[in-house]
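K.L.:
Those protein sequences? They're chains A and B, same order as listed. Just so you know, we're using our numbering here: the first sequence kicks off at 628 and counts up by one. Just so you know, we're using our numbering here: the second sequence kicks off at 1299 and counts up by one.
For the record, the hints were derived by calculation from the structure and aren't laboratory data. Check before you lean on any hint, since a few could be wrong.
To be verified - For each label pair, taking beta carbons as the anchor points, the in silico distance ranges come out as:
#1 A/721 / B/1483: 44 to 52 Å
#2 A/688 / B/1463: 53 to 61 Å
#3 B/1378 / A/863: 41 to 49 Å
#4 B/1463 / A/893: 26 to 34 Å
#5 A/863 / B/1331: 29 to 37 Å
#6 B/1505 / A/685: 54 to 62 Å
#7 A/939 / B/1384: 43 to 51 Å
#8 A/744 / B/1363: 35 to 43 Å
#9 B/1489 / A/890: 34 to 42 Å
#10 A/932 / B/1399: 27 to 35 Å
#11 A/893 / B/1341: 47 to 55 Å
#12 B/1488 / A/895: 32 to 40 Å
#13 B/1376 / A/871: 23 to 31 Å
#14 B/1391 / A/744: 50 to 58 Å
Claimed, not checked - Stretch by stretch, here's where chain A covers chain B in the computed footprint (C-beta under 8 Å, at least three residues):
#15 1392-1399
#16 1487-1494
Backbone N, C-alpha and C fix where the C-beta goes; we use that ideal spot for every residue, glycine too.
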Amino acid sequence: MMLYTRREMARLLAGIPVSLAMTRQAGRETPGLTTVNGVVFGVETFSFHDLPPSGDPKLIPTIISNLRALGIAECEIMSGHIEPFPSVMTGWWVQSRRAPDFQRRREEARNWRLTVPMQYYRVIRRQFEDAGLRIYFYNVNFNETFTDEERDRTFEAAHELGAEGFSSSTVLTEARRLVPFVDRHKMFVAMHNHNNLSDPDQFATPQSFETALAMSKLFYVTLDIGHFTAGNNDPVTFIRRHHDRIKNIHVRDRKRDNGPNRPFGQGDTPIKEVLGLIRDNRYPIRAYLEYEYGSFRSSLDEVKACFEYCKDALD
Amino acid sequence: MLRVLQRRARLIVAAILFFATPRLLTAQQQPPLQDAGGYKAPTAALERGRAVYVLNHCHFCHGTDLTQATMGAANLVESVLVGLDQDGKSIGPLVRAGLPNLQTAMPSYRDLTAEEMVDLARYIHFLRQQAKYKELVVTSAQAPASDAQAGRTYFNGVGNCASCHSPVGDLAGISRKYDAPMLRSRLLRPGPAMPVEGAAATAGHAVHLRLLENYTRANVDNLLAYLQTLLQ
């Protein structure tokens, strides 16, 4: 059995707090970038399906712990992971607005947003920065149930979180409302697509994105390449055409014709081609992992598997 | 001094091994009852259905136990279509086609085999029965006063209870036999709480499970009020 000498033990114990402090200090000043062959990676926190509920004090530490376990320095964080209520309370899903107590709960969410001190967001930002991480996108699904005052406060919150801008599942009519807000706050909103092809107000086609991009120079795209493929669109062609207006892609694998999510490599989404395109052309487009296929394993295990697939693809 | 430290270290290692080993062995012998897809199902057939449900990520929108529907997904505990379904005959076409026009579309699961669809449907019904039992076995303070006459009408009419039971036969004096909570529990689920491997549900039990999936709170409260009038 190997035992440490007193001198070796003392050296080890003395070293632990010093290395932790150095990590914290370095993290606070310069959150790192996670790159694979020049492509910057991040995680959409929706991927962590087994998190504590909104408002739970363990939620943010768990996200931080997961990001550290993955070795990924930045994330797109959902509003339901920042605010003490799930994002369903803020009106994005039209079906959820039909719930009998929706109006009361929506009003509670609005009051919270309008009255919470900005220090609340600064504390969360500090937690990430202390761990050497950063929130790059604040994922807020703007919709017609927001008041203008609420929109302003949400932009201020994003600023306090240290986010560069928003990723948003929204609609074209809401995008029009957001134009003066992005101008006033000098912060971008990147529109995120799904694959509803029947509603022209939804982001799902190249045309829907192009309509929004023409509204403001501060409007960008969060291209979900899995949903785009499920809607029978071609992400490679879209990225070639609009690479200067795409902030990030959501990397997931879906089958065409509204097919399901599948483990990376088993769907129809051209993940390898898209990542290779970004690498070879040095497009400043971030690749954000989004895990949504089914598994009996933990979310963390599956996001790790997704990341490994992408690393291999870029090798 | 060095020898003392070595002895202490050995004692610490021995203590760790003593306390940790039984726990490690226990963990290896007993597989976890829960994973990222919820609780393990009680029979192999239901576990096959759970695999279809989880590996096709139904649980992310409809919840691992059907009670936590999110992202605008239908609440499958309350869905009329699921209540009408048997072995996937009603829900199967919808699952295969998906709902592409929803705000966030439900994908099309066109690749599921016929066997997988039956397994999936039976697992959904199992979850629905468990959820409905948990919901209805508890008396609600907000529920309107129960109505024994309405219960009698349901018993002889829509509920079709009279085709198997009689207030002057098997149910005579039932309210003397069971107190109200037990009577409510047996009314909801007269058979075992969980399916048992190798034991098929009796025809009567199967009928009650189907009723359980479709009871409203008023149905149960009124039926209970009626049964409580059966003193002799």
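K.L.:
Out of the numbered hints, which ones does the structure contradict?
P.N.:
Those not satisfied are hints 1, 4, 5, 6, 11, 12, 13, 16.
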